[in-house]
Each structure stands twice: as structure tokens, then as C-alpha cells.
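K.L.:
Letter 204 of the sequence shown, counting from 1, is numbered 204 in full-length UniProt numbering, and no numbers are missing.
Hints were generated in silico from the structure; no laboratory data involved. Accuracy of the hints is not assured; some may be wrong.
[Stated by the list, open to error] Simulated restraints, written as ranges between beta carbons of each label pair: (1) Arg252 / Ala84: 19 to 29 Å; (2) Thr116 / Pro178: 38 to 48 Å; (3) Val104 / Ser214: 21 to 31 Å; (4) Ala27 / Val77: 45 to 55 Å; (5) Ala216 / Arg252: 42 to 52 Å; (6) Ser219 / Ala53: 52 to 62 Å; (7) Thr116 / Leu68: 21 to 31 Å; (8) Ser214 / Leu16: 31 to 41 Å; (9) Leu16 / Val50: 20 to 30 Å; (10) Pro36 / Asp92: 47 to 57 Å; (11) Ala217 / Pro112: 16 to 26 Å; (12) Arg251 / Ser214: 40 to 50 Å.
Note that beta-carbon positions come from the ideal geometry of N, C-alpha and C, so glycine has one too.
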Amino acid sequence: MRGVTGALRQWAPPLLLGLLGLLAWQALVVGADLKPYLLPAPTAIGEQLVLVAPLVWTAGLATGANVLVGIALGTIVAIVAAVAAARSSFVDELMSPTAAAVSVMPIVALAPALNTMFGTTSTTPRRLIVAVVVFAPVFVNTLRGLRQVQPVHRDLMRAYAATAGQLTRLVTIPGALPFLFTGLRIASSTAVIAAIVAEYFGGLQNGLGSRITSAAANSAYGRAWAFVLGAIVLGLIFYLATLALERAVARRHGR
1 MRGVTGALRQ WAPPLLLGLL GLLAWQALVV GADLKPYLLP APTAIGEQLV
51 LVAPLVWTAG LATGANVLVG IALGTIVAIV AAVAAARSSF VDELMSPTAA
101 AVSVMPIVAL APALNTMFGT TSTTPRRLIV AVVVFAPVFV NTLRGLRQVQ
151 PVHRDLMRAY AATAGQLTRL VTIPGALPFL FTGLRIASST AVIAAIVAEY
201 FGGLQNGLGS RITSAAANSA YGRAWAFVLG AIVLGLIFYL ATLALERAVA
251 RRHGR
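Use the sequences and the hints to build the structure in full.
P.N.:
As C-alpha cells, this is what we get:
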């Protein structure tokens, strides 16, 4: 019973706010007689969502696969780079400006170039773009966490004749996990945005971004917003999955 009450207290305010927002949106469209190309009504978007639900599902799967692979690739590279930077001042001086440059790299310029390199029928460009976007926040936060290890813990491991690899695996990385997941929470949402934006610039027409641009180009604005709603749900799924993974790892490490 307490669990149900706690869940209601947690979810009732945002759900109520969302409902009030939809009612205000509907009232604005009807009261101001806004045209669909300016702002479709929620009811019109809902009707289109029912009609194109299978397309939203398949497009979400295509975009989600690109996001998942990109997050995995970007995270692995970022962790390896952060560990190397934490252990070597030379690597740190090399990687810090690299991460800064990667973080400001424009997707609108990168996507067409990668499509030309790998071909318009390949999913590789979109996955690489996601990996690039994920790299910077995960690298910066993981490196910060790796530097937070208490000297007493490090000295204790050295007293037990632990190797550098054991020190990193048993002390440094577990201590950096909260920082790593902070970076992942930031990256999980931006990764979905990056994947969708990358789909605007050609390539396979099977993702949410491609469906949005196609619907808007054909003046099917309600349908375009239905795909936008699918993109929002996809972003929330990745964010919540990151939170769930963080809690599972924290529980395993007794935190």
C-alpha cells in the first residue's frame, strides 16, 4: 500500500501537469483558430498517431538501434580514453582538447560528410554521429570520477602489492561509477536527438527523423507531430533505462 501511495505521489504531479498542458494546447489551437502548419491540435495528433502507430514503432526501432550502438561505442571509447588520461598526464593533455573539439562538432556538417564516406544505404554514419555526441560527456565525467579516488584506498591496495591494472579495476573504476552514470544520463537524451537530426541529411528513410521530414514535406503536419511524439518517448526510454542500469549497478556494489 505504501508503495502504491509513493508511486502516486511521485507520478501524479507530472501527469497532472502534462494533462493541463494538453488541455491548454487544445484550447489555444481551437480558440485562436491556428492552422495545422502552425500548430496541430493534440486531438489531430492523436488521430494520426493511431493511424501510423505501426510506422512509428518500426521507425522508433530503427532509430533506437542506431542510438543503442552509438551509445555503446561512444561509452567504451570514452571510458578507455578516461582511464588512459587518468594514468598519464601526456594522454590527459592530448585528450582534453580533443574532447572539447568533439563536443562542439556540428552534426549538420558531419552527417553529410559521413554519408558520402560510407554511402547513403549504411547506418554507420548515424551510429558514428551518436558515438561522437556521447563521447564528450562520458569522457569528462568519467575522468573526473577517476580522479576522486581517496589516497588511502590507493595506498591500501599498493600495500597489498596490487598491480596498476588491479588498482584500476577494483578501486578506481568502481569509485568513478556515479560520475560515469552522470555522463550517461546526459548522453542518453542527447544521443536520441543526434540520431534524429542525423536522419535529416539523407541516407536510409527508415528512422524517426526521416519520417518527420517526409511528413512535414507532404504537409501532413499531424503525422509529423505523431513521429515527434515517438521521438520523445524514445528519448524517455533511453533515459529511464540509464537510471535503471545505474540503480542496478549501485545495488550490486552496495550503495
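K.L.:
Among the hints numbered above, which are violated by the structure, and what are their numbers in rising order?
P.N.:
Violated hint (a single one): 6; every other hint is consistent with the structure.
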